[in-house]
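K.L.:
Below are the chains, spelled out letter by letter.
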Amino acid sequence: MFGWQGKILKIDLSSKKYHILTPDISILQKYIGGKGLAGYYLKDYITLNWHDPDMPLILLTGPLVNTLSPTSGRMTVMSKSPLTGTIGDSSVGGSFGFSLKKAGFDGIIITGKSFNLCGIEINDDNIKFTDALSLKGLKTNEINNLIKNKGSTAVVGPAAENGVLFSNIVIDNHYFAGRNGLGLLFPSKGLKYITVKGTGKTKTYDKESLKKARQDIFRLTFASPVLMGELGISNFGTAALYDLIDNRRMMPTDNFRKTRFNNACLMNAYTYKKKFNPKKGGCLGCHILCKYITEDGLSIPEFETMSHFSALINNNNISVVMEANKICNEIGMDTISAGATIACYIEISNKKLSGSDITSLLKKIGYAKGIGNELGKGAFRFAESKGKPESAITVKKMELPAYDPRGALGMALAYATSTRGGCHLRSYPISHEILRKPVSTDRFTFKGKARIIKIQEDLNAIIDSLTACKFIFFAASLEEFSKVYTSVTGIESSAQDLLKAGERIYYNEKIMNSLNGFTKKDDDLPSCFFKYPGTSGNNIDIPPIRRTEFIKTLENYYKIRGIDINGMPTKEKARELELE
Amino acid sequence: MKKLIEKYNDKLFNHGLTEKDAPLIGTLDAEIIWNKTNKTTNILEKLFKTLNINSIIFSEPAEPYRTIIEYLTKTSNEVIYPEDCETRTFLHELPCTKDFNIQTIANILKERKSLIIPGHGIITFGTVSPEQAFVTFSSVCFAIYVKFFSDYLEHKKHKIISNEEKKTFNKVASMINPYPVFSFSLMQGPFNKKKVYKAMDEAGKIIVKSRLVDSYFGNISYLIDNIIYISQTGSSLDELSGYIDPCPIDNSSCAGITASSELSAHKQIYLDTENRAILHGHPKFSVILSMDCDQRDICKYKNQCHIKCPYGRFVNDIPIVPGEVGTGPYGLYKTMPPAIKGKRGVIVYGHGVFTACKKDFNEAFKNLLSIEKMCKQEYFRRTNI
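First to last, the protein sequences are chains H and Z.
Residue numbers for the first sequence, in our numbering: 590 to 1169.
Residue numbers for the second sequence, in our numbering: -13 to 371.
Some clues are possibly wrong.
List of simulated lysine-lysine pairs, DSSO-like, C-alpha gap at most 27 Å [stated by the list, open to error]:
| id | chain 1 | residue 1 | chain 2 | residue 2 |
| --- | --- | --- | --- | --- |
| 1 | H | 800 | Z | 294 |
| 2 | H | 801 | Z | 294 |
| 3 | H | 868 | Z | 320 |
| 4 | H | 1148 | Z | -12 |
| 5 | H | 800 | Z | 288 |
| 6 | H | 1036 | Z | 35 |
| 7 | Z | 32 | H | 1162 |
| 8 | H | 1036 | Z | -11 |
| 9 | Z | 35 | H | 1089 |
| 10 | Z | 22 | H | 1036 |
Pulled a few chain Z residues facing chain H out of the computed Cβ check, cut under 10 Å [stated by the list, open to error]:
| id | residue |
| --- | --- |
| 11 | 113 |
| 12 | 221 |
| 13 | 245 |
| 14 | 246 |
| 15 | 253 |
| 16 | 312 |
To list a few chain H residues with every Cβ distance to chain Z over 12 Å, as calculated [what the hints assert, rightly or not]:
| id | residue |
| --- | --- |
| 17 | 801 |
| 18 | 1119 |
| 19 | 1121 |
The hints are simulated quantities; they were obtained by calculation from the structure and are not laboratory data.
Since the structure is predicted, the reported quantities are computational estimates derived from the model, not experimental observations.
The C-beta atom is built at its ideal place from N, Cα and C for all residues, glycine as well.
With the rest of the complex left out, here is chain H:
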C-alpha cells in the first residue's frame, strides 16, 4: 500500500489490550484519512456521552504524512466535544503524525478507561502501558521534559484533570489540539500521555512525480506574500495578522462590544519580535515554519491568542499576553476560549482586571479554584448561570475567535454553519474577504457567500483529511495537491474528486450533529451582532449584520449543502454522497 500504512492501532484501556484494524482500501479512498477517516470511525458512537468509556478518542494522520509532500506533518484528533456536544476535532501540527506513520500506523483509536492513570508508549510495533500516577497534577511542560526522550508526545495538563471544558491536548510541548475541549478525553480514559517513536517509512508510488508536484507548490508558496512575504507568517508567525485585522476594524474588543483596539499598533507582531527575539520553527515536513519560540522555550502567541489576551479583555501589556499564553499552554487550556471566557466574566462582573488579575484568574480556571471553577465551564455556561446569556459570545457554546463577523460577512455565515461551534477554520473566508486569496471578495456582502462557504468547508475538510496545513492553501490549491495525492498513493484523482470527498466528509459531520439534536436554531450568531454596530471610522463603516440577509444566506447555504429547511441532513443527499 502506498501513502497509507493500512494499519490503525485500536487500544482498549480498560483491558490494556490492543489490536490492529486494517481498513479496506475502499474506505481509505472514500474518507482519505485524518478528519475524514476519524469521522467514519466516530459515527457509530456519536450519541454516547463524551465520557462514556466506549466513546472513541481518535488520532489519525493522512496519506501524505511522512512523505515529501509539503506541510504533511499534521494529524487530526477527534471525539465528541465536551464543550459543545458536537463532533469535536482539531488539526494539530508538531511531529506526532510523522512519528505515528514511522511507527507503522495511520492512527490510534482509544476506548475504555484505565483503572489507574496511565501512559501509552509506542515504539514501532512495541506498545507499552505505563503507570502515570506520578505525573498527576504536573504541567504539560513538566511532563514533556520527563518523557520527551521517548519520542513525540501528546499530553494533558491540570486543566483536563480539573474538568475545564476547553482543555487542550498538547503535542511536542508547543502544538495544541484545541478548541473543543478534547483534552478532557484523556482523563476520562485514565490517560495522561502518549509517546510515539518509529523507524519505518511511508511508501510513495511515484517519487519523481511527487517531486514535480512539490516544486509547483513551493513555487506558489514563495510567490505568496501572506505565507512567505516580508510581512507574512513565515517571518512573523500568525501574529502577522494582528495589524491587518486592526486596520480593517474587525478586531474583537471589550467582549465584542467594539471592533477597534486603540493600543493595537503597540502590541503587534513586530513588537513581539523585537522584544522577545524568538527563533523560527515549525511542524515537521513544513517549509513555511510559522512557529516562533523564544530562547526560554516560550511560544510567541498565535494571532488569536494575541488578540483575545489584549483587545478582547482590554489589556495593554504584551508581557501579560506572553504570561497568559504560557499559563494556558502549561496548564493545557485553549487560549481563545480562555480569553473569551474572561472577557465574558469582565462584562458580567463589571470589573477592570489588572495584568496580575488576568494571570491569577487563568490559574484559578486551570486548577478549578473559586470563580475559576465556574469559568472553566466556558463563557456560555457561565453567562447563563448568571442570568446574562447575551454576554457569552459563542456559537454552539464555543467561544468565537478574533475575527468580528460584522467586518466579514462570510465569516458570519461560517461561524454559524461550522460543525464544531464558533470556529474560523472550517471555511476560513478571511482568506478571500481579507487576505485576497485566491482572489478578493466583498467582505460587506452576503451575495455569493453561501456557495463559497460551502465549497471552502469541503476544501478544508479534505485538507484536514490528507492531512496538510490550511495555510498553504493561501497559495496552492487542490489542483496541485491532487497531483501530490496521486503521486503518493498511486490513486488517480483530481481537484474536483478530492473536493467531492471533502463534501462527503463534512456532510458526515452534519449527520453526526443532527443525531445529537442540533438543528437550524443552533446555526446562529449571538444577538449582539445583529443589534449593534462595530467601531466605524477611517472611512470604514461597520454596521450591525442585517438579520434578514443572514437568514436568507443561511437558507441558501442549506439548499446548496443539501440540508432541509430545519437544518437537518437528508437521506437523498446522504445517499448521493454514499453515506448510507
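On the provided structure of chain H, position chain Z as indicated by the hints.
P.N.:
Chain Z in isolation, oriented as in the chain H frame:
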C-alpha cells in the same frame, strides 16, 4: 453577482480579450445567473452540477488570440506548454480538446483551471468569484500569445518554419496594434501621503490602457518617508483605489501582509538606489525576447533558464535576469535589484519589466513603454533573419 458578471463582461472586451458581449458568464450561488442564455448555457449548466465551482466564463477570444489558438491547437495535440512565468507558476499547462462534449470538458476542468476548445473558445472557472475565471482567461491569452511568437522566432532560427506557421504569423503580426505614443504627462512628483494614492492610481490605469500588463499581474510602488506605498497582491492595476498598502520599510507593521508579492524586490531597489517610484508590467514582446537565447541548446542549465541563466544577457542596454516571483531561493528580489542600478529598466526572464526612477511615474512609464517598443522592434528584426 449580476454586477460582477457585467464588470467582467466589460473587462474582457476592454482588455482586448474578447469581442464585445461575446462571453457567456455564469455564476451560481443558490441559483444560476447568466449574462445571457442560449443553447450553450444549457450545456454549461451541467458543469455547475458536475463541478464544485461558482462561476464560469466561456468565450471565443478576440483576435489575434483566436488565430493563435487555432494554430497552436493544431500543432500541440491535447496540451499546450507555454514557458512564461505566469503559466509556470499558476497555470502549469493549457489543456485542449476538440470535443465539445460536457463530460470531456468536465473531466479536464476537474484537473486544470482552463480548457481551450478550438473553434469554440476558452472555458475558465472560479470557486470564489468570477474574478478567478477572468484572471485565468486573461492569463491563457497572454500565455498563448507569448508562446506563439517565441516558437516562431525559435523555428525561424532553426529554419523549420512551415508554410502554415508562416501564414499564421503574417496574419497575426498584421493584427498587432501599435503601442501608444507617450505624449502626455502623469502627475508631477515628488508626492506626499495625500497625493501618492492618486498618482499610483493614475499610473496603474495608464499601464493597463497601454496594454503593458495583462490580467491582474504587475505592480507599482512609491516611497515616502521610509514607507513603501505598494499595490496589493492580485490587485488590478486599473482599479487601485482602496488597494494600496503602506508598508514601513523597517517592517514595523504587518498591515501590508496583503501587499504585492514583489514587495521585497521593490524594497531592495529603494534600499540600494535613490529611486522612489517603481513600475512593473508584463509587456509581451519584452517577455518574448527575454526567452530568446542563442545558448539555449548547449547550455548546461537548459530548461532552468528562468532560475539559473548564467549569462549576463541584454536587449541593447536592458539587462535580462533570471528569477521567480516572490521570496524563494531563486526569487527575483535577489537578481533584479542589483541589475537595475544605472539602467532604464530590467527584464526578468519570461516574466516582465521593472523600471524605477527618482521623482514620479513619468520617467518610469516612459521607460517601460520604450523598452517594450524596443523589444518589439528587435523581435521583428530577429525574425527577418
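K.L.:
Against this structure, judge whether each hint is valid.
P.N.:
Against the structure, the hints come out as follows:
{"no.": "1", "hint": "800(H) / 294(Z)", "result": "holds, 19 Å"}
{"no.": "2", "hint": "801(H) / 294(Z)", "result": "holds, 18 Å"}
{"no.": "3", "hint": "868(H) / 320(Z)", "result": "holds, 24 Å"}
{"no.": "4", "hint": "1148(H) / -12(Z)", "result": "holds, 20 Å"}
{"no.": "5", "hint": "800(H) / 288(Z)", "result": "holds, 19 Å"}
{"no.": "6", "hint": "1036(H) / 35(Z)", "result": "holds, 20 Å"}
{"no.": "7", "hint": "32(Z) / 1162(H)", "result": "holds, 18 Å"}
{"no.": "8", "hint": "1036(H) / -11(Z)", "result": "holds, 11 Å"}
{"no.": "9", "hint": "35(Z) / 1089(H)", "result": "holds, 12 Å"}
{"no.": "10", "hint": "22(Z) / 1036(H)", "result": "holds, 20 Å"}
{"no.": "11", "hint": "113", "result": "holds, 5 Å"}
{"no.": "12", "hint": "221", "result": "holds, 8 Å"}
{"no.": "13", "hint": "245", "result": "holds, 6 Å"}
{"no.": "14", "hint": "246", "result": "holds, 7 Å"}
{"no.": "15", "hint": "253", "result": "holds, 7 Å"}
{"no.": "16", "hint": "312", "result": "holds, 4 Å"}
{"no.": "17", "hint": "801", "result": "violated, 10 Å"}
{"no.": "18", "hint": "1119", "result": "holds, 22 Å"}
{"no.": "19", "hint": "1121", "result": "holds, 26 Å"}
In terms of the numbered hints stated before, the structure departs from hint 17 and from no other.
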